[in-house]
Amino acid sequence: MLLKYSGKIIYSIIILAVGFVLLKFSNKMLEKWKNREKSSVIPFNQKRIDTLAALFKSIVKYSIYFIMIVLILENFNVSIKTILAVAGIGGLAIGFGAQSLIRDVIAGLFLIIEDQLSVGDYVTIDGRSGIVKEMGIKTIKIQDYNGSVHIIPNGSIGAITNWSRHNSKAIVDVKLNTKMSYDEVSQKLKEVFEEIEKEFEDDIVTPPQILGIVDTNWIEYTLRIVTETKPLKHWDVEREMRKKIIEKLFLN
Amino acid sequence: MLLKYSGKIIYSIIILAVGFVLLKFSNKMLEKWKNREKSSVIPFNQKRIDTLAALFKSIVKYSIYFIMIVLILENFNVSIKTILAVAGIGGLAIGFGAQSLIRDVIAGLFLIIEDQLSVGDYVTIDGRSGIVKEMGIKTIKIQDYNGSVHIIPNGSIGAITNWSRHNSKAIVDVKLNTKMSYDEVSQKLKEVFEEIEKEFEDDIVTPPQILGIVDTNWIEYTLRIVTETKPLKHWDVEREMRKKIIEKLFLN
Amino acid sequence: MLLKYSGKIIYSIIILAVGFVLLKFSNKMLEKWKNREKSSVIPFNQKRIDTLAALFKSIVKYSIYFIMIVLILENFNVSIKTILAVAGIGGLAIGFGAQSLIRDVIAGLFLIIEDQLSVGDYVTIDGRSGIVKEMGIKTIKIQDYNGSVHIIPNGSIGAITNWSRHNSKAIVDVKLNTKMSYDEVSQKLKEVFEEIEKEFEDDIVTPPQILGIVDTNWIEYTLRIVTETKPLKHWDVEREMRKKIIEKLFLN
Amino acid sequence: MLLKYSGKIIYSIIILAVGFVLLKFSNKMLEKWKNREKSSVIPFNQKRIDTLAALFKSIVKYSIYFIMIVLILENFNVSIKTILAVAGIGGLAIGFGAQSLIRDVIAGLFLIIEDQLSVGDYVTIDGRSGIVKEMGIKTIKIQDYNGSVHIIPNGSIGAITNWSRHNSKAIVDVKLNTKMSYDEVSQKLKEVFEEIEKEFEDDIVTPPQILGIVDTNWIEYTLRIVTETKPLKHWDVEREMRKKIIEKLFLN
Amino acid sequence: MLLKYSGKIIYSIIILAVGFVLLKFSNKMLEKWKNREKSSVIPFNQKRIDTLAALFKSIVKYSIYFIMIVLILENFNVSIKTILAVAGIGGLAIGFGAQSLIRDVIAGLFLIIEDQLSVGDYVTIDGRSGIVKEMGIKTIKIQDYNGSVHIIPNGSIGAITNWSRHNSKAIVDVKLNTKMSYDEVSQKLKEVFEEIEKEFEDDIVTPPQILGIVDTNWIEYTLRIVTETKPLKHWDVEREMRKKIIEKLFLN
Amino acid sequence: MLLKYSGKIIYSIIILAVGFVLLKFSNKMLEKWKNREKSSVIPFNQKRIDTLAALFKSIVKYSIYFIMIVLILENFNVSIKTILAVAGIGGLAIGFGAQSLIRDVIAGLFLIIEDQLSVGDYVTIDGRSGIVKEMGIKTIKIQDYNGSVHIIPNGSIGAITNWSRHNSKAIVDVKLNTKMSYDEVSQKLKEVFEEIEKEFEDDIVTPPQILGIVDTNWIEYTLRIVTETKPLKHWDVEREMRKKIIEKLFLN
Amino acid sequence: MLLKYSGKIIYSIIILAVGFVLLKFSNKMLEKWKNREKSSVIPFNQKRIDTLAALFKSIVKYSIYFIMIVLILENFNVSIKTILAVAGIGGLAIGFGAQSLIRDVIAGLFLIIEDQLSVGDYVTIDGRSGIVKEMGIKTIKIQDYNGSVHIIPNGSIGAITNWSRHNSKAIVDVKLNTKMSYDEVSQKLKEVFEEIEKEFEDDIVTPPQILGIVDTNWIEYTLRIVTETKPLKHWDVEREMRKKIIEKLFLN
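Residue numbers (UniProt numbering), protein chains in the order written: chain A, 1 to 252; chain B, 1 to 252; chain C, 1 to 252; chain D, 1 to 252; chain E, 1 to 252; chain F, 1 to 252; chain G, 1 to 252.
Pulled out of the complex, with its shape left as it was, chain A reads as follows (with noise of 0.2 Å):
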């Protein structure tokens, strides 16, 4: 008995030794990975990277420990078995409840690994909009832009509206009466957008044109003006093509 019982201490020795060297040899292969990707001519986002690796040596690690420690009881002969048919069914019931938070967790690797967005984009998540601050494993950060901090889980993410990654368009809908002759008006339009390119000649990327009319009924027709700008420049634009609007068309 003493003859089984050192030799299946040797085994859970050796088991032990495999698994701390096979940790050692994963570990440092990750180290290596990330190196190069770092030093690599077209870099990686690099916050991206340390995730990646971070991750994946937890993931290593735990699943080592794990197999080790089973195969080990396996060898005491304790009934594990046993012991995890009992804890099932509490742990489908866990199971099930932490759905949400595996969901999260999954959700947020393929944020940080897709590039759909990083921070300091603005976003529109499922009707809230604001700049991303911070992106978590759980969670992703928006900061409106009255200053309060939207917390929103990334498994319950689903269309995502990006507004910094292409040219924007300034969008000005103008209420006209249908006194107001349409002629008379485009002239008028001509100068506000001549001096609206000059004020904003960095951002605007097409001049303002109108795009022309996009309702109508017997007393007021609505005309629309399009200026494509650089990325999220269009709010700039759009409120100081109101002001001279007004200026021009309403005032006198």
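No wet-lab data here; the hints were simulated from the structure.
With a cut-off of at most 25 Å between alpha-carbon atoms, the simulated SDA-like pairs for lysine to any residue come out as follows: (1) Lys-244/F x Glu-220/E; (2) Lys-141/D x Asp-126/D; (3) Lys-244/A x Glu-191/A; (4) Lys-188/D x Glu-247/E; (5) Lys-243/C x Val-226/C; (6) Lys-230/C x Asp-115/C; (7) Lys-138/E x Asp-115/E; (8) Lys-243/B x Ile-219/A; (9) Lys-141/A x Ala-54/A; (10) Lys-188/E x Leu-251/F; (11) Lys-61/C x Ile-72/D; (12) Lys-244/C x Glu-195/C; (13) Lys-61/E x Phe-20/E; (14) Lys-179/D x Phe-193/E; (15) Lys-179/D x Glu-184/E; (16) Lys-133/B x Asn-146/C; (17) Lys-169/G x Lys-233/G; (18) Lys-248/B x Met-180/A; (19) Lys-179/C x Glu-220/B; (20) Lys-133/F x Val-205/E; (21) Lys-233/A x Leu-211/G; (22) Lys-244/A x Tyr-182/G; (23) Lys-8/E x Ile-13/D; (24) Lys-8/F x Ile-9/G; (25) Lys-175/E x Ser-186/E; (26) Lys-141/C x Gly-127/C; (27) Lys-141/F x Asp-115/E; (28) Lys-190/E x Leu-232/E; (29) Lys-28/F x Ile-59/F; (30) Lys-61/F x Ala-17/F; (31) Lys-175/B x Ser-186/A; (32) Lys-141/A x Val-119/G; (33) Lys-141/E x Gln-116/D; (34) Lys-179/G x Ser-186/A; (35) Lys-28/C x Val-18/C; (36) Lys-190/C x Glu-220/B; (37) Lys-179/F x Leu-176/E; (38) Lys-138/B x Leu-101/A.
Note that the structure is predicted; figures quoted are calculated from it, not measured.
Here the structure of chain A is known, so what remains is to put chains B, C, D, E, F and G in place on it, guided by the hints.
Positioned in the frame of chain A, the structure of chains B, C, D, E, F and G alone reads:
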């Protein structure tokens, strides 16, 4: 015992050999299919072929790897089943959490295969409209007219409305006072129609005509004008039509 | 051992032989059924027969293939069960993810079999209206009046409203001032009805008549006029009716 | 071995024989029940009996077939369990996908058995109103007043509103200016009521009467008039009542 | 072998005998309980006792039948487990589909047992109001004031609002111009209150009084009057109150 | 064999004996705990103790019964597992159906234990407000101000708003014409505040004050007045405040 | 046999001994960790440490108890598995029912650990705003401005909006008639800004400025004024700003 182990090792090597041969073979087959498809008379969409080929390649690769590992481990009597049982509950939990990921990928594959929409189409998905910029395996990117980009998970896409596959219809509703005689109005509209037809010669498929009166009460009635145009040209026609109607009907 | 293997190989060949004979046989049966159906007195919808035949063919084919592979592998003692157990968790996850796909296909089959709507019908599904362009096994395509195409997954179709199977009713609501005498108005409307009846002789099933007053307050009351027409002709009748009512009642 | 096989074959034949005798027997029983039901004093709905009989017939038939096949295969040691295990995952997936189908059928059975609504009733289901045209095992068809047909899956039916089983109530709300004396108005309404009672002698169960004032502010008040009528006759009464009220109260 | 079978047959007969004795016994017990309950001093609702008795009877009956069949089949070594395994997938699918049915029945049992609402009560369930006409094991039927019958599945009932168990409150909101003095108005209302109190002597629990001003702006203010009445009498009081207020405050 | 059975019977008797002793013992323990709790210095809510005691009693009782039956049956080799396997599918189905029942009970227990709301509190649950009349193990009953009783299943309760635990705030918004000077208005309001403070001396915690202007445009602006009161006294204060404001500001 | 039992008893005692030693040890470890954390340089939130310590303590305690009981029972051959199998179905049902409870607890743990919001913060959760009063393991309590307390289950919390972590922005929109000159208005506003800046010296981070015109039509235009303030000070600034604007712009 040496014999027993050597037999197992030989068996493992055979498994590995067969596996790699199968892998090579399947890759070649795929390559052939790809080439045949691309050089066929009515060629498939280039991108779709690449996507499918890459997809099948990785499915075949991981399947063969997986079966090889399982067979070899079994061969050495490593108790896979116990580890699996232990890992099962966690795995199930992850499985539930990863549902939406899998759903996205499956839906994405069908979007690419089925050709319901392609890059460059103008589509509406769940109230978000724009031009399809990118069709990924997990998300679809749509650029809105205002410049923002909607990133929509494929799995959450229900009904799709595609505007780029058939001729569009320019529909202009004109609200008129019941004091304005229908005959007189229709006379003036005919002049508008002629001008429009000339101006948009290339875009108009069926010339504009009065569909009829779609709503009425004792104060005003609504006249509907319909023009069939080439895909997505209807906005231009609608805007120009409205401008001309204002000039003819309301300004003098 | 050679004997043992040769026996297994012979067994496998028998399985293969039986399988392919069954396959051939079932295909012939299906072909026969198809021909019989198509040449029957009251023939089924041609397309539906083809769909069903193709469907059963592939179901039978893959079922036989699948059973043959399992039986042969079992014959060679390949541990299918272990592989299955391993693959099971992933498979379950995929199963959950693929739910919507399967639901679409099942719903699609029933749509084709049940004849609730056919290509060319004008239908409303979940707020989207249009003419059915294509009924696929996974999606249905509906072309809206404005030219856009709605692609709706079959599985997400709940209640369907079909406008093409029965006579339609043209319903015109006229809002009148309480100062306008009912008798006088109904007299004038009768003249309108006669004109309409003549004009739409072929489309009208039951001539127009005043249904009654459906809403009232101390300022205005609403008169409803109803005409039964051939399917989908009600819009034409409604628009013409409104035009004539404006001319008779409001313009002079 | 011949002996062994002959025994198995005999056993199989016995199974088949017993199965077909059971099948015949059950069919006869069903036929008897059907005839008894149909010729009973207070006969069930004819259609319902046929539906139920056909249903039970096919359930019994397929159950017996299924058990026979399983027993014979087991008899020949065909490893059903393995095939089942393999097929199980797919089957589960299909099971999930087919849920809505099964739900429809179960709900449909109860709709037919429970007599909550019958063909010809005017009902409202989930905001869709109309006359029940057809009650199928999977869907119910309702024809709207405007001629369109709503096809609703039985499983998605929640609360049903049936208008054809009890007397209806014609409810007319009249908005009046606070300058109009209540006594004077009620005097005039009494004349209207008498005319209505004469005109709809057959349809009215309880003569019209003023329920009272259901809303008021310093500009107008709302008078409610209620009449109990035979089922679905309330619309006719309401419309005629409104016409007469306009003539008496507002026109002179 | 004869011996073996005769033993099995004897065993089966014993099972059957024991089963039927148990059945008889349980029925008698139930009958006794029923009689005792019905003749008790504070008798339960008659209908509820019958429902419960019938329910338990059938549960006991089918349970005993089921156990008897299983035990006998097992006795003859019929492989129930295999059949069950085969039938299991289908059964699971049906189980999912039948969920809503079971949910309805369970909810129905609790509705009957718990006495939250009884036939004749005026209730509001999910926006549908009316008098409870029938409380079934699967649905509840509510007759709306307009005569239509709402048939609601018990399982879909969430919150219930019952109006028949406590005194109601007649609440009349009067909108007044800010030009009308509060003191003068309250003086006139006091006269109205006295008349109302006399008229509804039997129905009023607490005489009407001015609760106060519940809304105000610089044009009008809203006065609330509250009267506690016997259950469901509040509508009559409200309507009469409004009539009298119009006469006193607005007409002269 | 006699010996074998006598042994089994003796074993069963022992099981029964041990079971009943345990039952007695647990009941006594519970009784003791109950008494100790009730006579403790800061006594728990009386009702809560009774509920918990009754609950634990029945849980213990049924658990002991259940284990005793299983052990005895096992002792006599009755194949419980088979019956269970057979009953399992149905049981699972019932389990799904009974989910909402169990959810209600669990939620109910926590409502009673956690003291989030108690009988007599004024609460708002899912848009339904009223005074808590009864907190059952399955439903909660809330009496609305208008006398109707809301019966809400505990399991469907999400967020609860409790108005009875802290001081309330009387908030009165007054809309004023931009022609009315702020200083003059605030002078008059101060007089109102003094009167209110005297009148509601006992209920007011912080005297009323002008919070400021919460909305404005070029026609009117909205002034907000806030007063902290004892719980639920804010309505009285609000109504009196409005009355006084009308008298001071608008009537003269 | 005596030997056998004595062996088992000794084994049980060893299990118990090991268990309690482990328990003691883990508790000490936890205590140490707690002290170390609390006396560290940048101390964690005091409350969070206590919560976590108590939590881990009870998890460890119950896990050790549970494993000890299972091991001892197994030791005496009590058929745990059978009892478990029997109890399994009920347990599963309870598991489903208890889902929301577990979800609440898991979510609650993360709320406490993650420091997304702390007691005293002003937050908005699912449309309910207020100051966080208490963060429990199952619910969070938020006190609304009007004094009522919202009790929200942690598991139902989706996106959180926290107003107390960053500077707020006072945003005042002023609607102006198009007749009012922009230059004149902006001149007057500048005076207002100066006064505001002096008055709120301590609260204002960035002085108020005109952001621009955010909406316009031919009747009125909307001017937006923005001021960055310390967290939650924006309401005070907004209200004072509105008061001053009314005095300067509209009153004279």
